[in-house]
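Chemist: Start from the sequences and build out the full structure, keeping to the hints where you can.
Chains as they are written, first to last, in our numbering: chain A, 186 to 504; chain B, 2 to 376; chain C, 50 to 422.
What the hints contain is simulated information worked out from the structure, not anything from laboratory work. It should be emphasised that the depicted structure is a prediction, and the values quoted were computed from it without experimental measurement. A virtual CB, placed ideally from N, CA and C, is assigned to each residue, including glycine.
Have a look at the derived ranges for each label pair, beta carbon to beta carbon:
| # | chain 1 | residue 1 | chain 2 | residue 2 | range |
| --- | --- | --- | --- | --- | --- |
| 1 | C | P378 | A | K322 | 34 to 42 Å |
| 2 | A | M460 | B | L13 | 52 to 60 Å |
| 3 | A | K422 | C | F301 | 48 to 56 Å |
| 4 | B | G273 | C | H306 | 53 to 61 Å |
| 5 | A | M460 | B | Y235 | 50 to 58 Å |
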Amino acid sequence: MKIERRDFLKGLAGSAVLAMAPAASAIAASSGKTRLPDALGLLYDSTLCVGCQTCMVACKKANNMPIEYSGSQRLWDNPVDLSSKTLNIIKAYENGTPKVKDREIDGYAFIKRQCMHCVDPACVSACPASAMTKDAKTGIVSYNKDACIGCRYCQVACPFDIPKFEWDNPFPKIVKCQLCNHLLVNGQIPACASECPTGATLFGPVKDLLIEAERRQTMIPGKYYEFPVSEVSSAKKQVHKARNYISYIYGKNDGGGTQTLMLAGVPFNKLGLPMLPDRSYAAMAENIQHTLYKGMILPILAFGGLIYLVKRVEKNKKE
Amino acid sequence: MKTEQPLGGRILTPAFLICGLLFLISLIFIAKRFIYGLGAVSNLSDGYPWGLWIAFDVVIGTALGCGGYAMALLVYVFNKGEYHPLVRPALMTSLFGYTLAGVAVVIDVGRYWQLYNIFLPWHMNLNSVLLEVALCVGAYVAVLWIEFSPAFLTKFGGENAKAFMNKIMFVFIALGILLPTMHQSSLGTVMVVAGSKLNPLWWTPLLPLLFLMSCIFLGYAIVVFESSITGSRYPIADESHLLEKVSGVMAWLIAAYLVIRFADLIIRGHLGLAFRGDLLGNMFLLENNLLLIPMAFLFIPAYRKNARVMFFCAVSIVLAAVIYRFNTYIIGFDPGNGWHYFPSVGELFITLGIVSLEIMAFLYFIKRLPIYRRS
Amino acid sequence: MRDPNFTGPIQEKLKGVSRRDFMKFCGIMAVSMGLPLGAGTQIAEAITNPKRRPPVVWLHGQECTGCTESLLWTSHPSLAHLILDLISLDYHETLEVGAGHQAEAALEKSVKDNAGKFILVIEGSVPIKDGGIYCKIGGRPFADIVKETAAKAAAVIAIGSCASWGGWQSSAPNPTGATGIPEFLKGTTVVTVPGCPPNAYNFLSTVLYFLTFKKLPALDELGRPKFAYGRLIHENCERRPHFDAGRFAEEFGDEGHRLGYCLYKLGCKGPMTHANCPSILFNEVGSGAWPVGTGHPCFGCVEEGVGFTIPQFTQADIEIVTPAAEHAPIQKQRGAGISKGSAALLGGIGGAAIGAGAVVAKGLGDKEKGDNS
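Modeler: Set out below in structure tokens:
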């Protein structure tokens with residue numbers, strides 16, 4: 186028994202080292218993927234959003250999405266959340282007697298939810314069949330149903346719960362916002378940005394959007410400023426009174442950074458966005474995998490060792 | 002030297018027939034799933050895209066099938082040839098567990114007709130943990146059938162084939178140890194990416210290590226559990242002296258696991274979550290107490306000789322490892338925004354059907370194939 | 050200031066109409082057709098300087114003459130005059146002075162003289178069952194008259210729902226085989242101005258457009274001028290905000306009804322009826338002068354398959370679905386919890402497992418005893 190235990194512990198220690206190494210490397214800070222220089226994205230400014238839901242209508246039209254009824258009356262396209270029928274939604278935050286917009290207590294605010302087009306997308310990392318891909322230039326995360334096996338790991342992995350599945354379809358697919366890339370190839374811009382009347386949803390290169398977001402962060406509340414409409418580089422501007430921005434650009438670093446950036450007057454966790462570390466979980470999981478399976482060196486070594494051990498036992502048995 | 006023999010006896014026993022009935026009921030739900038889609042039979046949702054089928058049929062099913070792996074590990078890596086009699090029965094449970102996990106996957110995935118995509122190199126995403134799991138599990142199912150082939154070959158003649166198989170078997174035995182090591186740990190890594198959605202009591206970069214260790218002691222517990230059941234019902238050779246030693250190994254392994262589990266939680270500063278008295282905290286305590294108590298018993302040699310204590314310890318450990326996986330995959334998983342999940346009747350029946358099929362196959366195999374040594 | 054162009058002969062032609070009223074009329078016409086305001090001058094030009102008053106032949110089939118009535122009752126005082134001066138109404142059974150053979154002779158002469166030049170307006174549907182015997186004029190089936198006349202017309206306009214798609218006579222069981230003109234004259238372009246009655250201005254605008262631009266206005270696939278029938282009533286309805294906010298009249302005379310809430314729940318067919326009623330209104334008496342404005346749900350009279358087909362209080366299908374005025378909450382409780390069925394099933398499985406475990410444990414105990422002894 187003693188010998189057994191010693192042998193066993195020896196083996197255990199060996200395998201523990203094998204398994205600990207990746208864990209250690211996962212904890213150790215490695216940055217994951219970085220922003221693409223020509224990445225395209227959206228800047229959503231909750232303080233400019235009036236909740237008109239024009240972007241929802243535009244999105245449905247542009248992407249040919251079906252109507253989604255909720256509740257007993259089949260009257261409105263009124264999804265309660267993103268779904269396989271809804272790629273884009275405006276949700277409302279309300280607190281107490283919601284009197285003042287963009288105020289946390291006794292106030293209300295709007296939030297637009299759609300794919301964040303992560304810098305290091307968990308869905309792309311997770312998908313076993315490469316059905317989720319991130320464009321090497323624009324960074325748009327898109328879905329290919331012909332590769333997809335329907336395992337829904339992307340749904341499990343996505344910290345924003347963006348990919349949606351057609352549960353009632355015997356031949357289902359995953360559905361998600363693809364930043365209207367069918368419009369981009371024609372030189373048009375995403376429907377939600379092009380139709381937004383106030384400039385709350387702004388399309389453009391992420392680096393420009395970041396500059397614009399930083400500019401808004403420095404605005405003095407109550408003063409009037411010019412805000413571009415539809416596109417960050419647009420000559421069309423609207424003059425709005427700057428609101429009380431919370432000093433946070435959501436998506437700048439969250440979850441490794443996203444290409445959809447957000448500004449708001451209410452803390453983002455109140456608006457239903459997850460609070461994520463600056464390093465993506467995808468990068469952590471990949472680090473573990475890469476440490477263990479880089480070039481399959483470790484498994485091959487282990488396999489060699491195992492063959493030796495098995496042979497030894499077989500030989501003993503014969504003797 | 003005693004050799005493995007079929008136990009013989011009637012196949013159509015009441016137990017077999019009840020299982021058959023359950024399996025037939027599950028076929029109705031399976032048909033419904035393929036005709037109307039996943040939403041028609043399951044409570045799966047965009048919030049909980051993975052439910053009972055992935056957590057139980059696949060993750061737990063393969064873990065319960067780790068008896069073969071755990072025993073092979075003991076026999077070959079730790080050079081304990083005397084455990085050899087326990088390998089073949091354990092291998093058989095692994096065979097069923099893994100094969101039926103594969104069946105469950107086909108039911109669970111949405112685009113099953115494209116499932117072969119993961120075997121096409123140009124579709125493979127080498128960053129995907131799930132790809133590694135899928136490929137390893139797929140390969141391991143094949144390896145298991147090969148490892149198990151001597152049992153068939155003995156039954157159906159083919160001495161030449163058997164001799165050939167025996168010659169190359171060492172490759173498959175080695176693979177049979179390597180592959181589960183890879184994918185059972187990866188089944189833990191799978192949930193690393195869920196990150197913020199998984200409760201900190203379960204989310205840790207150490208998930209692969211914890212899953213690997215727990216699948217090994219779960220494997221031993223299953224071997225003990227199974228021997229206890231078959232031993233009490235069928236005239237097979239008494240291997241209790243072997244079980245006794247296995248139990249000692251189990252105790253040490255559990256101890257190591259618990260040390261890592263708690264040290265990790267303390268270092269990350271989340272142990273407090275366990276004592277909040279809420280569902281998650283209680284599930285955590287349940288899961289770990291179900292390990293702690295049998296571990297304490299198993300450290301005392303006297304108890305290891307008591308078949309009944311051993312049985313309860315094995316049950317407790319199996320439960321603990323099962324609950325750990327449920328916790329990691331479903332209970333500790335919270336997508337936020339008010340989602341709830343509990344398996345539907347349809348989901349339960351399909352799982353029940355798969356388990357029934359497993360039991361039916363088990364009963365058939367031990368009676369018709371040389372698995373156990375007769376007393 | 051007097052416009053020199055507007056004196057003398059023109060003034061003469063316009064008879065009692067003041068220049069101001071006249072230009073206003075032309076402007077209204079241009080706007081109701083969605084034309085730029087400048088087109089009003091063009092229309093005035095067309096009206097005041099017609100090369101020749103275009104002859105119009107107006108046939109009546111199976112109908113109630115409501116369309117003609119509504120045309121006559123438009124409230125511009127001299128509109129009827131204007132139209133009678135503008136066009137040469139050669140045949141109109143209700144308005145003409147002649148009757149009997151005299152009238153039929155006028156029709157025959159006009160059609161012969163003006164072949165290929167006259168505008169044919171048809172009011173009412175054509176009965177085609179039993180050889181068309183259900184509507185005869187001067188002893189001839191209406192169907193024959195329509196066929197003959199239409200073959201020589203420059204343009205065919207079907208006024209009213211009966212002529213456009215069969216109207217109320219075509220409701221099941223349709224004993225006379227009432228058929229709309231576009232279907233009856235398959236292959237001929239027929240402008241349809243459905244409605245029961247149609248808004249007179251939609252008809253007038255169409256005629257004026259034809260006179261002004263010598264072509265028909267843009268039509269939809271049902272032959273309806275797009276300027277009048279391009280959008281759903283629901284889209285321009287003044288009660289729409291109530292719909293979006295979920296404020297409905299539940300029954301006639303209830304509080305919601307009195308507060309002017311949306312009439313959808315009372316069976317308003319606005320969401321499936323294409324017409325400009327809410328924008329153009331009726332009878333020029335100010336806002337609210339249209340069915341929904343008065344508190345009555347839209348009946349869908351212009352739309353084939355809606356009016357006279359779907360019962361008044363049956364709720365309409367929503368064709369263009371847009372978001373409600375309410376927003377989705379940040380958090381929403383969703384997903385299935387534990388059900389009685391699954392709880393029972395799980396309980397059963399658990400019970401069976403515990404039972405089996407107990408049996409096994411008991412067996413083990415016995416075995417152990419046996420070993421010890």
